[in-house]
Amino acid sequence: MLDKKNLIKYVFDVYVYSILVFFINRTSRHTEYPVETILAIPPWRLQMLGTYLPILLLVIVAVLFGFVTLLLSSLIGPKKSSRIKLAPYECGCEPVGTARERFSIKFYLIAMLFILFDIEAVFLYPWAILYKKLGVFGLVEMGVFILILFVGYIYVWKKGALEWD
Amino acid sequence: METLFFLIVSIVAIASAVMVIACRNPINSALSLILTFFCLATYYVMLDAPFLAAVQVMVYAGAIMVLIVFTIMLLNIRIDATRRHSHMIFFGSIVGFATLFNTVYIVMKSRAATPATTVNVEALKAGHTELIGREMFTNFLLPFEITSILLLVAIVGAVVIAKKKI
Amino acid sequence: MDMITFPTIDMTPILPEIYLSLLAMALLLINVFMPGRQKGYLGYISFVGVVAIAVMTASGWGIEVSSFSGSVIQDKFAIFFKIIFLLSAGLSILLSDQYMEREGCNHGELYPLILFTVVGMMLMACGTDLMTIFLGLEVMSVSLYILAGFNRANIKSNESGLKYFLLGAFSTGFLLYGMALTYGATGTTRIFGISGQLSQMAAPAANIMLLAGMLLMITGFAFKIAAAPFHMWTPDVYEGAPTPMTAFMSAGPKAAGFAAAIRILVISFPALQPDWSQLFWILAVLTMTIGNITALRQDNIKRMLAYSSIAHAGYALVGFAAGNETGVAGVLFYMLSYAFMNIGAFAIVILIAKKGETNGTVQDFAGFAFKRPLLAAVMSLFLFSLAGMPPTAGFIGKFYLFSGAVQQGYVWLAIIGVINSAVSVYYYLRVMVFMYMKNPSEEFEWATVTAPVALALIISAAGSIILGVVPSYVMQFAQQAAKLI
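Protein chains in written order, with this note's numbering: chain A, 1 to 165; chain B, 1 to 166; chain C, 1 to 485.
Among the hints, erroneous ones may be present.
[Claimed, not checked] Label pairs and their computed distance ranges (CB to CB):
{"hint": "1", "chain 1": "A", "residue 1": "Ile55", "chain 2": "C", "residue 2": "Gly36", "range": "47 to 55 Å"}
{"hint": "2", "chain 1": "A", "residue 1": "Cys93", "chain 2": "C", "residue 2": "Gly40", "range": "28 to 36 Å"}
{"hint": "3", "chain 1": "A", "residue 1": "Trp157", "chain 2": "B", "residue 2": "Val18", "range": "39 to 47 Å"}
{"hint": "4", "chain 1": "B", "residue 1": "Leu4", "chain 2": "A", "residue 2": "Ile76", "range": "31 to 39 Å"}
{"hint": "5", "chain 1": "A", "residue 1": "Leu86", "chain 2": "B", "residue 2": "Met88", "range": "33 to 41 Å"}
{"hint": "6", "chain 1": "B", "residue 1": "Leu100", "chain 2": "C", "residue 2": "Ala58", "range": "46 to 54 Å"}
{"hint": "7", "chain 1": "A", "residue 1": "Ile55", "chain 2": "B", "residue 2": "Met88", "range": "36 to 44 Å"}
{"hint": "8", "chain 1": "C", "residue 1": "Ala169", "chain 2": "A", "residue 2": "Ile76", "range": "46 to 54 Å"}
{"hint": "9", "chain 1": "B", "residue 1": "Ser10", "chain 2": "C", "residue 2": "Ala169", "range": "24 to 32 Å"}
{"hint": "10", "chain 1": "B", "residue 1": "Met88", "chain 2": "C", "residue 2": "Ala451", "range": "16 to 24 Å"}
[Claimed, not checked] EDC-like, lysine to aspartate or glutamate: derived pairs with alpha carbons at most 20 Å apart:
{"hint": "11", "chain 1": "C", "residue 1": "Lys156", "chain 2": "C", "residue 2": "Asp299"}
{"hint": "12", "chain 1": "C", "residue 1": "Lys355", "chain 2": "C", "residue 2": "Glu159"}
{"hint": "13", "chain 1": "B", "residue 1": "Lys163", "chain 2": "C", "residue 2": "Glu64"}
{"hint": "14", "chain 1": "C", "residue 1": "Lys39", "chain 2": "C", "residue 2": "Glu101"}
{"hint": "15", "chain 1": "A", "residue 1": "Lys132", "chain 2": "B", "residue 2": "Glu130"}
{"hint": "16", "chain 1": "B", "residue 1": "Lys163", "chain 2": "A", "residue 2": "Glu163"}
{"hint": "17", "chain 1": "C", "residue 1": "Lys354", "chain 2": "C", "residue 2": "Asp299"}
{"hint": "18", "chain 1": "B", "residue 1": "Lys164", "chain 2": "C", "residue 2": "Glu159"}
{"hint": "19", "chain 1": "C", "residue 1": "Lys483", "chain 2": "C", "residue 2": "Glu159"}
{"hint": "20", "chain 1": "A", "residue 1": "Lys80", "chain 2": "B", "residue 2": "Glu135"}
{"hint": "21", "chain 1": "B", "residue 1": "Lys164", "chain 2": "A", "residue 2": "Glu163"}
{"hint": "22", "chain 1": "C", "residue 1": "Lys483", "chain 2": "C", "residue 2": "Asp236"}
{"hint": "23", "chain 1": "C", "residue 1": "Lys438", "chain 2": "C", "residue 2": "Asp299"}
{"hint": "24", "chain 1": "C", "residue 1": "Lys354", "chain 2": "C", "residue 2": "Glu64"}
{"hint": "25", "chain 1": "C", "residue 1": "Lys483", "chain 2": "C", "residue 2": "Glu325"}
{"hint": "26", "chain 1": "C", "residue 1": "Lys163", "chain 2": "C", "residue 2": "Asp236"}
{"hint": "27", "chain 1": "C", "residue 1": "Lys156", "chain 2": "C", "residue 2": "Asp236"}
{"hint": "28", "chain 1": "B", "residue 1": "Lys165", "chain 2": "A", "residue 2": "Asp118"}
{"hint": "29", "chain 1": "A", "residue 1": "Lys132", "chain 2": "B", "residue 2": "Glu135"}
{"hint": "30", "chain 1": "C", "residue 1": "Lys355", "chain 2": "C", "residue 2": "Asp275"}
{"hint": "31", "chain 1": "C", "residue 1": "Lys39", "chain 2": "C", "residue 2": "Glu103"}
{"hint": "32", "chain 1": "B", "residue 1": "Lys165", "chain 2": "C", "residue 2": "Glu101"}
{"hint": "33", "chain 1": "B", "residue 1": "Lys165", "chain 2": "C", "residue 2": "Glu103"}
{"hint": "34", "chain 1": "C", "residue 1": "Lys156", "chain 2": "C", "residue 2": "Glu101"}
{"hint": "35", "chain 1": "C", "residue 1": "Lys355", "chain 2": "C", "residue 2": "Glu64"}
{"hint": "36", "chain 1": "A", "residue 1": "Lys106", "chain 2": "A", "residue 2": "Asp118"}
{"hint": "37", "chain 1": "B", "residue 1": "Lys164", "chain 2": "C", "residue 2": "Glu103"}
{"hint": "38", "chain 1": "C", "residue 1": "Lys354", "chain 2": "C", "residue 2": "Glu101"}
{"hint": "39", "chain 1": "B", "residue 1": "Lys163", "chain 2": "C", "residue 2": "Asp299"}
{"hint": "40", "chain 1": "A", "residue 1": "Lys85", "chain 2": "B", "residue 2": "Glu130"}
Everything labelled a hint here was simulated from the structure, so no lab data went into it.
The beta-carbon is built from N, C-alpha and C at its ideal position, and this holds for glycine as well.
Chain A with its partners taken away, still in its complex shape (with noise of 0.2 Å):
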């Protein structure tokens, strides 16, 4: 019963179930913060853990309607299996060889790309969050760094790299 595969499950649910508990609890948390001045948690500080709540509510709803498409189809489908309806489906012909095949490397040239360009977004955040105060300095210097990588994108894009050759 309890296979890898339930394994991974049963953890995934535990973990939702702990994040749970933790925002439920929340308020009656004691903060390590200098414990002399605050004893309950700060206002500002709760203020900033509830904007997490809507992500516990995605993360909680995008797993149960997962595991419930998955039980609902289950429980209420019929099941009448043979050699050919369990085989993989390819577009209605017969499959041939394996199903592991091996990747082409080009697939990991755009991987990496989006890799590099991801992190280019990691920086924008930041900046994003300080757009006013930082004004036209700011922009410069992002300006700057844009600059930079889209060099970057125009060598990549003439270069054919984004191409599927």
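Starting from the known structure of chain A, arrange chains B and C on it as the hints suggest.
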């Protein structure tokens, strides 16, 4: 309550980390690693470091995991082939435990040496991400700009190394 | 926490970096927008650019500016190293075209990557903040990984790039961990700030976190300068990489590693000098001995030069271990002369080798002197200089390094260095024996010397002789640059 929550997340983190190295199928290992990353992100939130949590999810659980999964599919190691290198587990565990011991020792030792510092509540109020932004645009402006050069070099490198025709 | 005071920005210290980056980006764009596969002209553009930037950098001599709220500094130390980097890059660019044409590589991206490597190295030399130094090191390393694996058709080049990447990434991890611990112990990443914090500590040597940080940083830099016992990657990487890039790698990044390590240790950790000095004593002895003894057994000329480059890092570590002004000036001088003589030797190796990196053993030098007396004479000059014979640059460099050690009281270290130097004569002379005393094989065709390679040979030969005959002129600059504090 916080301690309990911490313990639960830690158990999940350690369990999923063990799954990473215990799974026979590398794809399962990779998926467990995502769970580990999410646990780390939860720690960052608990430590009032939401920016790091966001980076952890965006970059590690998102982008880097994609790369790892692609690599696994690219190499497509047969499961029986992984058996042959099992003797490396011994050396790996020695190095791992040495590193663990080292870190714990250093942290304990220096914790005893320096008195507990009080947390700057004003700084916390301003928000972790905002503080990072401030430092990034004042004290660490130059390293920030160098990062773009580093990314550019990496882009060129990815194309030069991995593209079929250059 | 309301208003942000922006730093006043003085671009002076990083002007060379800015111009180099602009040039590299322009070359990248020219490379993709211009049709055709012959991209040799990019090499000429970048060489001219490197020369112009070198002149510009040198003109800043004596002007000391710190900028970006203490992230970078322009001082004589930084400028001296920047000139070394530009020199090694310029020479390697001159060698690249002929080599890449022979190997049939499409080398449009080669030149921008070399320039980016130089940008990274320069930031390591002028950075006064651990973050700046680390990012400079990363820019340098990432470019070098690509350059090592640039010849994609050659399996050895691929191996070289992969090995360099894996071990380099590992060593970067050490370095970063060390920097993090140092930051944790002192609360600052500015290297002047670290020394300030250290001077306030009662017993910095008892602070485990600080010591661990320093040790890990030393480990990271030891990887980068290929000091034993962290030298294992060097022979494979140097052998597989395209030869002009091997030449570049052995001269530039090694110097950059020394630049950053010297600046961090001498400025930030003077309080711990007795500790790191002893450590470098051991590293120097190990590096010299292992490098020289292993080089004795090498037949492949690139592997031999790789081990010799490990040994040379050991000689430079002697000056570093001394840690005084003479020693540091010796390191500066030695890195400059090493750039000349080593790149020169690699230029000859390029001329001897054939397509696919064949013909690269010491035996293939047989009879070189009968066919090409002039080139053989130049090669002998480089080998003499590498062996440290007067009146060449190598001799003077070693002289300053060892005298620095003696001044500091490390007499035994200097003696071990001299013995090692004597051992090294064997394998350098072996090449000369083959050149002058063996008969050439009949069917051999010697490659023609193109104009850029000839220019590179002339520059490096001239450098090796001038630094050896009239060293005082350059040495006074090195001594000024070595006054770090």
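Do the hints match the structure? See the list:
Between isoleucine 55(A) and glycine 36(C) the Cβ separation comes to about 53 Å, which falls inside the hinted range of 47 to 55 Å. The hinted range of 28 to 36 Å is not satisfied by cysteine 93(A) and glycine 40(C), whose Cβ atoms lie roughly 51 Å apart. In this structure the supplied range 39 to 47 Å holds for tryptophan 157(A) paired with valine 18(B), their Cβ-Cβ distance being about 44 Å. At roughly 38 Å, the beta-carbon separation of leucine 4(B) and isoleucine 76(A) lies within the given 31 to 39 Å, and the hint holds.
With their beta carbons about 37 Å apart, leucine 86(A) and methionine 88(B) fall inside the hinted range of 33 to 41 Å. For leucine 100(B) and alanine 58(C), the hinted distance range of 46 to 54 Å is satisfied, since their beta carbons lie about 50 Å from each other. Checked against the hint of 36 to 44 Å, the pair isoleucine 55(A) and methionine 88(B) passes, with Cβ atoms roughly 39 Å apart. Between alanine 169(C) and isoleucine 76(A), the C-beta spacing of about 51 Å keeps the proposed range 46 to 54 Å intact.
At about 28 Å, the beta-carbon gap between serine 10(B) and alanine 169(C) stays in the expected band of 24 to 32 Å. The supplied range of 16 to 24 Å is broken by methionine 88(B) and alanine 451(C), whose beta-carbon atoms lie about 52 Å from each other. With a C-alpha separation of about 17 Å, the suggested pairing of lysine 156(C) with aspartate 299(C) holds against the 20 Å cut-off. Of the pairs offered as hints, the one joining lysine 355(C) and glutamate 159(C) holds, with about 18 Å between alpha carbons and a cut-off of 20 Å not exceeded.
Among the hinted pairs, lysine 163(B) with glutamate 64(C) is inconsistent with the structure: their alpha-carbon atoms are about 45 Å apart, more than 20 Å. The suggested pairing of lysine 39(C) with glutamate 101(C) holds, with an alpha-carbon distance near 10 Å, which does not exceed 20 Å. Pair hint lysine 132(A) plus glutamate 130(B) holds up; C-alpha atoms about 12 Å apart against a cutoff of 20 Å. Taking the CA atoms of lysine 163(B) and glutamate 163(A), the gap is near 10 Å; set against the 20 Å cutoff, the hint holds.
Restraint check for lysine 354(C) and aspartate 299(C): satisfied, since their Cα atoms lie roughly 17 Å apart, inside the 20 Å limit. Restraint check for lysine 164(B) and glutamate 159(C): the C-alpha separation of about 18 Å stays at or below 20 Å, so the hint holds. Using a Cα cut-off of 20 Å, the hinted pair lysine 483(C) and glutamate 159(C) is violated, with the two alpha carbons roughly 41 Å apart. For the hint linking lysine 80(A) to glutamate 135(B), the alpha-carbon distance of about 63 Å lies beyond 20 Å, and the restraint is violated.
Between lysine 164(B) and glutamate 163(A) the CA atoms are separated by roughly 11 Å; this keeps the pair inside 20 Å, and the hint holds. At most 20 Å may separate the alpha-carbon atoms for a hinted pair to count; lysine 483(C) and aspartate 236(C) exceed this at roughly 37 Å. Restraint check for lysine 438(C) and aspartate 299(C): satisfied, since their Cα atoms lie roughly 16 Å apart, inside the 20 Å limit. For the proposed pair lysine 354(C) and glutamate 64(C), the alpha carbon gap of about 48 Å is over 20 Å, so the pair is violated.
Of the pairs offered as hints, the one joining lysine 483(C) and glutamate 325(C) holds, with about 6 Å between alpha carbons and a cut-off of 20 Å not exceeded. At most 20 Å may separate the alpha-carbon atoms for a hinted pair to count; lysine 163(C) and aspartate 236(C) meet this at roughly 8 Å. A threshold of 20 Å between alpha carbons decides the hint, and for lysine 156(C) with aspartate 236(C) the separation of about 9 Å falls inside it, so the pair holds. With a C-alpha separation of about 25 Å, the suggested pair lysine 165(B) and aspartate 118(A) falls outside the 20 Å cut-off, and the hint is violated.
Distance check on the hinted pair: lysine 132(A) and glutamate 135(B) sit about 16 Å apart at the alpha-carbon level, within 20 Å; holds. At most 20 Å may separate the alpha-carbon atoms for a hinted pair to count; lysine 355(C) and aspartate 275(C) exceed this at roughly 49 Å. Under the criterion of a C-alpha separation no larger than 20 Å, the hint pairing lysine 39(C) with glutamate 103(C) is consistent with the structure, at around 14 Å. Restraint check for lysine 165(B) and glutamate 101(C): satisfied, since their Cα atoms lie roughly 17 Å apart, inside the 20 Å limit.
Of the supplied pair hints, the one linking lysine 165(B) and glutamate 103(C) holds, its CA atoms being roughly 16 Å apart against a limit of 20 Å. Using a Cα cut-off of 20 Å, the hinted pair lysine 156(C) and glutamate 101(C) holds, with the two alpha carbons roughly 18 Å apart. About 48 Å separates the Cα atoms of lysine 355(C) and glutamate 64(C), which puts this hinted pair outside 20 Å; it is violated. In summary, the hint linking lysine 106(A) to aspartate 118(A) is supported, as the alpha carbons are separated by about 18 Å, within the 20 Å threshold.
With a C-alpha separation of about 18 Å, the suggested pair lysine 164(B) and glutamate 103(C) falls inside the 20 Å cut-off, and the hint holds. A threshold of 20 Å between alpha carbons decides the hint, and for lysine 354(C) with glutamate 101(C) the separation of about 11 Å falls inside it, so the pair holds. Proposed proximity of lysine 163(B) and aspartate 299(C) is contradicted: the alpha carbons are some 35 Å apart, above 20 Å. The hinted pair formed by lysine 85(A) and glutamate 130(B) fails the criterion: a straight-line CA distance of about 56 Å is larger than 20 Å.
Checked against the numbered hints above, the structure breaks hints 2, 10, 13, 19, 20, 22, 24, 28, 30, 35, 39, 40 and satisfies the rest.
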